[in-house]
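Q: As given, the protein sequences belong to chains G and P, one line each in that order. Using the working numbering, read the first sequence as starting at 1 and increasing by one per residue. Using the working numbering, read the second sequence as starting at 1001 and increasing by one per residue.
These aren't lab readings, by the way, just hints derived from the structure by calculation. Please note: incorrect hints may appear among the correct ones.
Below, in silico cross-link-like pairs of lysine to aspartate or glutamate (EDC-like), each with a Cα-Cα straight-line distance of 16 Å or less [claimed, not checked]:
id, chain 1, residue 1, chain 2, residue 2
1, G, 24, P, 1091
2, P, 1017, G, 39
3, G, 102, G, 140
4, G, 53, P, 1046
5, G, 53, P, 1091
6, P, 1053, G, 46
7, P, 1102, P, 1071
8, P, 1102, P, 1066
9, P, 1163, P, 1140
10, G, 17, P, 1046
11, G, 17, P, 1038
12, P, 1053, G, 39
13, P, 1102, P, 1091
14, P, 1024, G, 91
15, P, 1053, P, 1066
16, G, 17, P, 1039
17, P, 1024, P, 1014
18, G, 53, P, 1140
19, P, 1017, G, 38
20, P, 1017, G, 46
21, P, 1053, G, 38
Number of protein chains: 2
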Amino acid sequence: MARYAPSIGRLITELAKLPGIGGKSAQRLAFHLLGQPEEQVAALAEAILDARKTIRLCSVCCNLTDQDPCEICASPARDRTMICVVENPRDVASMERMHEYKGLYHVLHGAISPMQGVGPDQIRLRELLARLRQDDAVHEVILATNPTVEGEATALYLARLLKPAGILTTRIAHGIPMGGDLEYADDVTLARAMEGRREIG
Amino acid sequence: MARYAPSIGRLITELAKLPGIGGKSAQRLAFHLLGQPEEQVAALAEAILDARKTIRLCSVCCNLTDQDPCEICASPARDRTMICVVENPRDVASMERMHEYKGLYHVLHGAISPMQGVGPDQIRLRELLARLRQDDAVHEVILATNPTVEGEATALYLARLLKPAGILTTRIAHGIPMGGDLEYADDVTLARAMEGRREIG
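Use the sequences and the hints to build the structure in full.
A: In structure tokens, the structure reads:
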């Protein structure tokens, strides 16, 4: 005896393929959806299909976009002398939320990770290099990859490639987060905070 | 400057409406979906639409089904003398996983909860009573609502309704779970376990 009608089983299977959604959560989500009004469920399905269909990579910065070049690359208000290199599109969203940075971006879609078989060719590094070759306006490349082993390796790799080309290459600062507590900071963060100290006053 | 393309924003909004999915998770899921092959994404959207379209309530037991009466109610192999009353369709799945119970079910779709404004009329109680009136074959109603305040109240309410009708009404046992540890059992569970003790050997 099947535990569910086949269409429920298939829905659970599909939902369980999503990251962070296990079997139990998938089941809970499925039964939730079955209890929702039909137009609400249709709106979700449509949003999924529509986003997947309209969204592609910007041919300039490799960010996800529904127009090419993307809104940021096409905007005349952005400072074209700096490119901020991030690992993924979510990082662009975080930077934009800050409302401080007015330059351009480049999205790598990953970080170099020999352990997971991700080399420089598996991320959008070549696109960045081609872009820098073609565009003389860029004076600074800000490496904003994550402060993880992979992100650091990627930053270092990029810095070594870009330095000989005479482009100013900077790395975002790491240290104690604002509102954080020295007592709870890990050793590496604390060491970075000490290393990056500046004169004040 | 919008942080996302509109179709990504809409996808995140729709995903964030799901239970247990907050803004951050919705964002993560959305970007995951955008990175998946198109047929995988279409399969998910289709499973959602298909399940919502084909699934309705069984007119006999109120379980979710794609045929009416549902597979369990229609099966000649089931014991028609007992009905197990549960709160929701997931509970039927749990009971069926056990492969022990061969009777029928009745799904209440909730439990009586005056605090949340759920009275006897908001759950599928009337359907159960009508079913018992029409069907003389039922000899036992097993109350398998959850051992929560609401589930207990619902069980008690049902028991008081059914007793005068001369139907054997039983409640599933509560106690220390198998593989559980007395040391970690809460007081109420322990009290229930003592209360429900039986002679052995």
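Q: If a hint holds in the structure, say so; if it does not, say that too.
A: Hint by hint, here is what the structure shows:
Of the pairs offered as hints, the one joining residue 24/G and residue 1091/P holds, with about 12 Å between alpha carbons and a cut-off of 16 Å not exceeded. With a CA separation close to 13 Å, the supplied pair residue 1017/P and residue 39/G stays within the 16 Å bound. For the hint pairing residue 102/G with residue 140/G, the CA-to-CA distance comes to about 13 Å; that is within 16 Å, so the pair holds. Pair hint residue 53/G plus residue 1046/P holds up; C-alpha atoms about 14 Å apart against a cutoff of 16 Å.
For the given pair, residue 53/G sits about 38 Å from residue 1091/P by alpha-carbon distance, which is inconsistent with the 16 Å threshold. Taking the CA atoms of residue 1053/P and residue 46/G, the gap is near 15 Å; set against the 16 Å cutoff, the hint holds. Between the alpha carbons of residue 1102/P and residue 1071/P the distance comes to roughly 13 Å, so the proposed pair stays at or under 16 Å and holds. Among the hinted pairs, residue 1102/P with residue 1066/P is inconsistent with the structure: their alpha-carbon atoms are about 21 Å apart, more than 16 Å.
Under the criterion of a C-alpha separation no larger than 16 Å, the hint pairing residue 1163/P with residue 1140/P is consistent with the structure, at around 11 Å. As the CA atoms of residue 17/G and residue 1046/P are separated by approximately 14 Å, the hinted pair is consistent with the 16 Å bound. Only pairs whose Cα atoms come within 16 Å are accepted, and residue 17/G paired with residue 1038/P is accepted, the gap being roughly 14 Å. As the CA atoms of residue 1053/P and residue 39/G are separated by approximately 11 Å, the hinted pair is consistent with the 16 Å bound.
Restraint check: the Cα-Cα separation between residue 1102/P and residue 1091/P comes to about 15 Å, which is no more than 16 Å; the hinted pair holds. Using a Cα cut-off of 16 Å, the hinted pair residue 1024/P and residue 91/G holds, with the two alpha carbons roughly 12 Å apart. At roughly 9 Å between alpha-carbon atoms, residue 1053/P and residue 1066/P fall within 16 Å of each other, so this suggested pair holds. Pair hint residue 17/G plus residue 1039/P holds up; C-alpha atoms about 13 Å apart against a cutoff of 16 Å.
In summary, the hint linking residue 1024/P to residue 1014/P is supported, as the alpha carbons are separated by about 13 Å, within the 16 Å threshold. Pair hint residue 53/G plus residue 1140/P does not hold up; C-alpha atoms about 54 Å apart against a cutoff of 16 Å. The straight-line distance between the Cα atoms of residue 1017/P and residue 38/G is roughly 14 Å, inside the 16 Å bound, and the hint therefore holds. Taking the CA atoms of residue 1017/P and residue 46/G, the gap is near 14 Å; set against the 16 Å cutoff, the hint holds.
Restraint check for residue 1053/P and residue 38/G: the C-alpha separation of about 8 Å stays at or below 16 Å, so the hint holds.
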